[in-house]
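Asker: Residue strings, one per chain:
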Amino acid sequence: MASRDADRITSAQQTLDILYEMSQLLNTQLDKETLATCVSMIEGGVNPEALAAVIQELRRENAALSAHTDVNKEL
Amino acid sequence: MASNLDSLVCSLVPQARHDQNLRDELVAHCGEIIHSHIGQSNEPDIGHLADSIKRHLLRTSPNGVPALRFSNLLARLLEQPVLSRKHASLSFLHALGTTPAPSTRSPAALPALTLPPQPRAPSRLRSGTSTPSQPVPTIARPKGKSRAEILREYRAKIDRQHLPESVLLRDTLFLLQGISGKYVQFASIKDPESNQLVFKDDSRYVIPPPTKALIHRLAEVGYLYIRVDSFVREREGKAGIGMIEQSLCHHLQSQLTEYYRLIAVLESQMSASQNSEDIAEGEAGPSVREEETGLTLKRLDVWIQEWRLRMRMMSVCVEGARDTHGGALVNLIHGYTDNGDPFVRRFTDQLLEEVSKPFFATLHNWLFSGELADPFSEFFVAVDPALAHLQYVQQSASGPLAGDGGFGGETEDLGEREGGLKLWEGKYQFRTEMLPSFVGEAFGRKIFSTGKSLNFIRYSCQDSDWVATREKLSNTGGTLQYSDIAGLERSIDTAYQIASRRLFDIFFEKYGLLHHLRALKQYLLLGHGDFADQLMESLAPNLARPANTLYRHNLTATLETAIRQSSAQADPPDVLRRLDARMLEYSHGEIGWDVFTLEYKVDAPIDTVIDADAMTKYLKLFNHLWRLKRVESALSTGWMRIAGGARTFLRLPELNPEWHRVRIVMAEMVHFVRQLAAYCQLEVVECSWKGLAEFAGRRAGDLDALIAAHRAYLDRMVKKVLLLSPKAGREELLLAQVRELFATILQFREATDDFYNFCLSESARRDAARDPVRGLYTGGLREARADALPGILARVHEYGDAFSERVQAAVLGLQSHPDLDCRFLGVRLSFSDFYRSRREQAQAKA
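Chains as they are written, first to last, in this note's numbering: chain W, 32 to 106; chain V, 1239 to 2084.
Chain W on its own, in the form it takes in the complex (with noise of 0.2 Å):
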């Protein structure tokens, strides 16, 4: 028992490795853990395209905060 859920553990490592060279051959710049949270929601059943859409919006309100930082800073 314990032998397969090291084996689960191990292919689960394997394959976030995978995805993660994936997404930075395609320039995603996500992270790992970020991408292991992202492949989980999926695997939960939301939509991908939706879910690069909620990342797309995140990084811009991103941005958007640190420039207002910025400006803020600089005011």
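You may find that some hints are simply not true.
Claimed, not checked - Among chain V residues calculated to face chain W with C-beta under 10 Å, some are:
| no. | residue |
| --- | --- |
| 1 | S1274 |
| 2 | P1304 |
| 3 | R1314 |
In case anyone wonders, no lab produced these hints; they're calculated from the structure. For every residue, glycine included, the Cβ atom is placed at its ideal position computed from N, Cα and C.
For this one, chain W is given, so just place chain V on it according to the hints.
Answerer: Positioned in the frame of chain W, the structure of chain V alone reads:
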């Protein structure tokens, strides 16, 4: 789920880690996005997805290494058992990957690319969310400006912006349907000749010249469409449009329907791209995806390319169809099939196939049943409306074997006789200009003749066998169509042969044409020698009387006697009952010989071959031959007298030299007349007959050929028997000489008769003078009437000399006659150079 979102928000927006409000807000926002319906249409096709990813990778780094690596990774990923939604994960990565993050963008590197690659996701986001996110424009705007951008901004500043292509696109689609758009319009729909486009320049927008040129190109199709469409409309409403034209219209209409379909597809594409464009209005330009799939003017041009050619062809056909008609129209279209361009060839072939269908239907009808079903006179056979209804005329006439009740009044007979040939020659006309060129003139003639023959069989011959013939015909003929020209020609040939053979059979067997022709030869051309002699013998006393004392019933009675007494009685009754004797129109002073004629009556449909003209020629020939016969018989009785009687009981020794002279002259006459008669009968009539009989045995060609053969036969006889010369103005010179010769001979004959009578009475007187010596008393002696003798002898000499002179002139004329047979007659008349030596003698004397 929520915790996942939470951690995502935290990792991507670091500020939210401390700001609880912001985090909540973002999480809620993200939740909304996820639960919206973005991107649900994708089908789970991993191959397609992988392909598009690879394409993307190749685009970003053309050396191909990343793509290769991606393939490896994908293969490995597919082996992994863990993920259940590998496809979804991939598409997630793809969606992220194709939208480069703003931070990676390097404005300086590729200025031209700065504009278009606007992420699609934001627009989707907006459609999904009601709250617009303010920061977007700032992200979209690159920091540096490209030259195109600068130009555009400049234009915006001076208020001369280019009209957006999407607007023009819609207008162009209108133009393609022949409708003026908002910005681009046809100059005048009403006047289709001026194919001008008018660009309505908005004060705020300009249309750049390259675009104008493009629209001009596209509008050509619209212009052509208007023409074709208006043609079709126009024909739809009008009455009296030919069937060929109707089918052309139909074909054009179906082509136009195809065209509408294309327009509809284009329009739906345009509206699809328009929608997304409306969404992305604020953006600088269409997204990458839209550029790939959306419609632009240039793409429209490519789409419409083939149709431009097709429209041009159609418009050409339409132009041609305006002033041609029927077969000529088929001809016109056929003219375009000889084209090296396979597209044009195929199109015209197809068009022709359609258009020629009614033509072939008519052809089929005509070729196989001899009916002309051509309500719009499009066929290359035209019916003469004046003769069209005449086809049943013959039915009212008595059938060919309807008893021997004889014939009605002359006028009725004549009218009927005109019918046959006129009907055959005039009822249908061949119109070369309507003949489709793929059929060919020779075949057209055959078709024409076949249909005519069938029609003739049907209506003029009342052929009861007709049904059988038709069945035979329809078995051989398949369907006729344009694509099978070889088969068409075969069918035409077969139909032609069958119809012609049938017609020949009818003429020769059912109506016994050959019997009639032979009868004409035997009676009118005096082929039955015994009959002619018999007739002459029994008629001679009658004919010597003035014409006005002759009666037709006497003549016919004599004719019947002659028939019964000669071998002519063996002829079939149908032939004999047509024979008739009558008198020509006579004037004062003419005697029976001048006006008597035999007549042979033919009825329909034989009168097609033996028409009234031919009959006149036969009568002319009869007249001449009859005269010849008369002279011949007169000479033979005269010869009997002078050769037999004069030797045996005329004992007038002092007149013996005179008798010798008379015999010499008469022998010359007999020679002349015999040679002439032999020439007419043997060399002209029989030789011509042989030619005609050969033709009848061969039975080649159609009724026209038969008519022509008979005509040639008759013309040959007329020319040679009457010794006609082709020289203008002197055609009948020899004939007149021969007639004069005949007259001279008859006069000579009368003179010799007088001489004979004188000699007879003189010898009787002398015999009586010796009676007292013998011891007999026979009454008082009559006075010798020697005073009459010089007059009689003078006449005899005069006519004898006149004959010699004239026959010399005639022989001279014959020897220089252009016709070989006539010249040969001259040779025979002066076989031992008799006349030449006489001439030389005369010259030597002079």
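Asker: Confirm or reject each hint.
Answerer: Now the hints, each set against the structure:
1. S1274: Hint holds; S1274 of chain V Cβ to chain W Cβ min 7 Å, cut 10 Å.
2. P1304: Check passed: Cβ of P1304 of chain V comes within 5 Å of chain W, closer than 10 Å.
3. R1314: 5 Å, holds
Checked against the numbered hints listed earlier, the structure breaks none of them; every hint is satisfied.
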